[in-house]
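Undergrad: Here is what each chain is made of, one letter per residue.
2 protein chains.
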Amino acid sequence: MGRGNQTNKSLDAQPRADHRCVCCWMPEIMLGPRVRKSPYYEATVAAGVSAFTIYNHMYMPTSYGDPAEEYRRLTERVALWDVASQRQIEIVGPDAASLTQYLSARNLAGLKSGRARYAPICDHDGYLINDPVLLCLATDRFWLSIADSDLGLWAKAVAAERGADVQVFEPDASPLAIQGPLAEELAIDLFGADVVGQLGFFHHVGVELDGIGLVLCRSGWSKQNGFELFLTDGSRGVELWDTVMAAGARFGIGPGTPNASERIESGLLSFGSDNDSRTDPFEAGLGAWVNLDGEYDFIGKTALLKRVESGIERSLVNVSFADDSLSAASLPLEHPRAVRLDGQVVGELRNAVWSPRLDQAIGIGLVKSSASAPGTRLTVDIDGVECSLVVASEPFGTPRRLFSAT
Amino acid sequence: MGRGNQTNKSLDAQPRADHRCVCCWMPEIMLGPRVRKSPYYEATVAAGVSAFTIYNHMYMPTSYGDPAEEYRRLTERVALWDVASQRQIEIVGPDAASLTQYLSARNLAGLKSGRARYAPICDHDGYLINDPVLLCLATDRFWLSIADSDLGLWAKAVAAERGADVQVFEPDASPLAIQGPLAEELAIDLFGADVVGQLGFFHHVGVELDGIGLVLCRSGWSKQNGFELFLTDGSRGVELWDTVMAAGARFGIGPGTPNASERIESGLLSFGSDNDSRTDPFEAGLGAWVNLDGEYDFIGKTALLKRVESGIERSLVNVSFADDSLSAASLPLEHPRAVRLDGQVVGELRNAVWSPRLDQAIGIGLVKSSASAPGTRLTVDIDGVECSLVVASEPFGTPRRLFSAT
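Going down the list, the protein sequences come from chains F and B. Take any residue in the first sequence, count from 1 to its spot, add 2: that is its number in the numbering used here. Take any residue in the second sequence, count from 1 to its spot, add 2: that is its number in the numbering used here.
It cannot be assumed that every hint is accurate.
Note: identical chains are not told apart, hence a pair may lie in one copy or across any two.
[As the list claims (entries may be wrong)] Computed list of lysine to any residue pairs in SDA-like fashion (alpha-carbon distance at most 20 Å, straight line):
{"#": "1", "residue 1": "308", "residue 2": "295"}
{"#": "2", "residue 1": "39", "residue 2": "53"}
{"#": "3", "residue 1": "39", "residue 2": "350"}
{"#": "4", "residue 1": "39", "residue 2": "339"}
{"#": "5", "residue 1": "39", "residue 2": "336"}
{"#": "6", "residue 1": "39", "residue 2": "59"}
{"#": "7", "residue 1": "39", "residue 2": "27"}
{"#": "8", "residue 1": "39", "residue 2": "340"}
{"#": "9", "residue 1": "308", "residue 2": "281"}
{"#": "10", "residue 1": "39", "residue 2": "280"}
{"#": "11", "residue 1": "370", "residue 2": "289"}
{"#": "12", "residue 1": "39", "residue 2": "384"}
{"#": "13", "residue 1": "39", "residue 2": "249"}
{"#": "14", "residue 1": "225", "residue 2": "360"}
{"#": "15", "residue 1": "39", "residue 2": "58"}
{"#": "16", "residue 1": "308", "residue 2": "393"}
{"#": "17", "residue 1": "303", "residue 2": "164"}
{"#": "18", "residue 1": "370", "residue 2": "309"}
{"#": "19", "residue 1": "39", "residue 2": "173"}
{"#": "20", "residue 1": "39", "residue 2": "332"}
{"#": "21", "residue 1": "370", "residue 2": "315"}
Simulated from the structure, these hints should not be mistaken for laboratory data.
Chain F extracted, bound-state conformation (with noise of 0.2 Å):
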């Protein structure tokens, strides 16, 4: 058939994408086989899910159409969160403690099975490549669940070229998360209180709920207390959906996702966002959790000593709106934008969130050392309103410090 007979008719079947709208248009996704369904993806549209972002190679649900609903679902009940797109990396073998160890900026001396931390790691330079919790399931087998970034090359790569005797690989393995005061009595009704009661913050068991099995782990990326349970057959996930669901029911659950305004407010990093691809640690406000003065090495030791001697350079701070200025069409921040002290450029805000607890808008910032004391008064630009920031004098949710986990 010649090319002038084309009738493409199956193509020009194809629906037209009309659904622009002056006020809130907002593109698609392209749904294809490049990109992986999660276990729970069929569970996620049947609950009406409205919007997606690609996170680790997986579709991650971001809404479900009602913003305000979802948080106050997650701040005042419980919520049911599709995260199974925080993938993990198994690090099995007799050299899995040591090669962890050589990944991780943190110190992992005494961690036991059972157990997980909080691991921020480092390329050879000292900036950070990824932020995972780091299970330890055994002596000799390890689960990073990690953020937005191929970790599982680069532990590949290391293991390889170093000659390690480990197995490096993704296992079947896809949180869900429940999140938000009531998860806790969730969690008793599902898994009894035995089970809950002993499980104290960041440790994790081993279960089964109706035959399918979970690692149950105390853990999860808001400050609204709640676990994550960690699928271990993903042909079973619509079914562990439904179950947690109904047996929710009586605490108001609902479908829920990763919340940018609970999250900023609550001081937790969001890798990929809050950072630029050369930010240290100390910069993205990790200190706590590396450890320069421990007698064992790790990828970026020596670069990070070398820059804590010379000065960290910048600080990731939190700001708050100095006035009403920013129209709620800005928010959240869809890229970073230059913040200014003065007039000069001193770095970026990163994102910007309105925060229903304290009933403004609010942000982090990567800025300039020099620009990070509390009270400095910074401005910056979003779509054409020149807006002021403050720099927060603490987090908002962790009066502490900065990203609290274990």
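Model the placement of chain B on the given structure of chain F, informed by the hints.
TA: Chain B only, in chain F's frame:
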């Protein structure tokens, strides 16, 4: 202010996503600072982009809302693609050539400055982790123009652990592609007949266009002929887009994206779509670009030698749908499906699209070698419809070899 007084005014003011529609619901993509915007982003929005994916941590347009017109533009005239998310990994320094060879399954002997080669990259187990085009900018300076995985982390880890004297980083270099039968004439208008006439396939040269610095390469992810303009100043993306669009008006240029129908017709590999996480380059049909008989070592060589000896177990095959049972609404395929031979699962249908040129549905399968002979009849269940497939005797667009690349 107590919780009871929360007004959540700005969250409530945010638009609710009530775009769902029974016949054509597509979720939105969340826009936020974790994912980068391309230098051409604003231009693509102005040009009517309607859908994105995320590729190498950057938004990549996937539709302008009219698939039939976008296909015609690409195959009959010329299309302008924002493919900035095809990022570059630069390797530069005294050990750059030897490190790049160690990373690449392809023999790089004789690769000169101003030339490029398709260079599949494997992990130490011989599985594909990326399939970049490698541009040689100087004898000690290379760009890996990558598919969607953090190959920069991989290359940095290997370089540092081996003590290679190189720098590895992502430079400011963002491809804008012109693809289609009239791309040649457009390129001549933009860069002159002398420059374009001397530029063979996979040749590249540094040029300026209205003072904007570029690397111009005869390349691109289609078989319609064309060029990639590697912009080397990310602040000038919209300017470059507008300049090319204006010059292309007389050729009927318009916006487009990498096109699933055209690339499957043409037999081009889509890394991450066509393969799974344990696919070797022989299974993926890339054997012609893997050199096991050279004297040099490369990552994965030992594993691949063993695998070749024991026999390659799977093959990537082109398939055509043998009947009209598949509805257009199921295309392109959202995720892989099991394919069967005589009722037994023998692999996966990785992709399926409508082919305007062949006027039928076609796809890519990854199946046991025993089920890969031309003419083999397979079945696949797509959304409850049992479809018949036939393994094609040859790729649809490239009669002589599966994946034609230099």
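Undergrad: Each of the hints needs a verdict: does it hold here or not?
TA: Against the structure, the hints:
For the homomeric pair residue 308 and residue 295, the shortest alpha-carbon distance inside one copy (13 Å) is at most 20 Å, but the shortest distance between copies (45 Å) is not. For the identical chains of this complex, residue 39 and residue 53 are neighbours both inside a copy (14 Å) and across copies (18 Å), given an alpha-carbon limit of 20 Å. Only between protomers do residue 39 and residue 350 lie at most 20 Å apart by alpha-carbon distance; the minimum there is 16 Å, versus 33 Å within a single protomer. In this assembly of identical chains, residue 39 and residue 339 lie within 20 Å of each other by CA distance solely across copies; the values are 13 Å between and 32 Å within a copy.
In this homomeric assembly, residue 39 and residue 336 come within 20 Å of each other (Cα to Cα) only across copies, at 9 Å, whereas the closest approach inside a single copy is 24 Å. For a Cα distance limit of 20 Å, the shortest separation of residue 39 from residue 59 qualifies both inside one copy, at 9 Å, and across copies, at 17 Å. For the homomeric pair residue 39 and residue 27, the shortest alpha-carbon distance between copies (17 Å) is at most 20 Å, but the shortest distance inside one copy (25 Å) is not. For a Cα distance limit of 20 Å, the shortest separation of residue 39 from residue 340 across copies, 15 Å, qualifies, whereas the shortest one inside one copy, 35 Å, does not.
In this assembly of identical chains, the alpha carbons of residue 308 and residue 281 lie at most 20 Å apart only when taken from the same copy (15 Å versus 42 Å across copies). Taking the shortest alpha-carbon separations for residue 39 and residue 280, only the inter-copy value of 18 Å comes in at or below 20 Å, while the best intra-copy value is 31 Å. In this assembly of identical chains, residue 370 and residue 289 lie within 20 Å of each other by CA distance solely inside one copy; the values are 17 Å within and 51 Å between copies. In this homomeric assembly, residue 39 and residue 384 come within 20 Å of each other (Cα to Cα) only across copies, at 16 Å, whereas the closest approach inside a single copy is 34 Å.
Taking CA atoms no more than 20 Å apart as the test, residue 39 paired with residue 249 passes in neither setting, with 25 Å inside one copy and 41 Å between copies. Proximity of residue 225 and residue 360 under a CA criterion of 20 Å is satisfied intra-copy only: 15 Å inside one chain copy versus 56 Å between copies. In the homo-oligomer, the alpha carbons of residue 39 and residue 58 lie at most 20 Å apart both inside one protomer (11 Å) and across protomers (18 Å), since each shortest distance falls under that limit. Taking the shortest alpha-carbon separations for residue 308 and residue 393, neither the intra-copy value of 28 Å nor the inter-copy value of 60 Å comes in at or below 20 Å.
For the homomeric pair residue 303 and residue 164, the shortest alpha-carbon distances inside one copy (17 Å) and between copies (17 Å) are both at most 20 Å. Taking identical chains as interchangeable, the C-alpha atoms of residue 370 and residue 309 lie at most 20 Å apart only when both belong to the same chain, with a minimum of 15 Å there against 53 Å between chains. Taking the closest pair of Cα atoms, residue 39 and residue 173 come within 20 Å of each other only inside a single copy of the chain (15 Å); across copies the shortest separation is 31 Å, beyond that limit. In the homo-oligomer, the alpha carbons of residue 39 and residue 332 lie at most 20 Å apart only across protomers (16 Å), although the nearest pairing inside one protomer, at 30 Å, exceeds that limit.
Taking CA atoms no more than 20 Å apart as the test, residue 370 paired with residue 315 passes inside one copy only; the shortest distance there is 6 Å, against 56 Å between copies.
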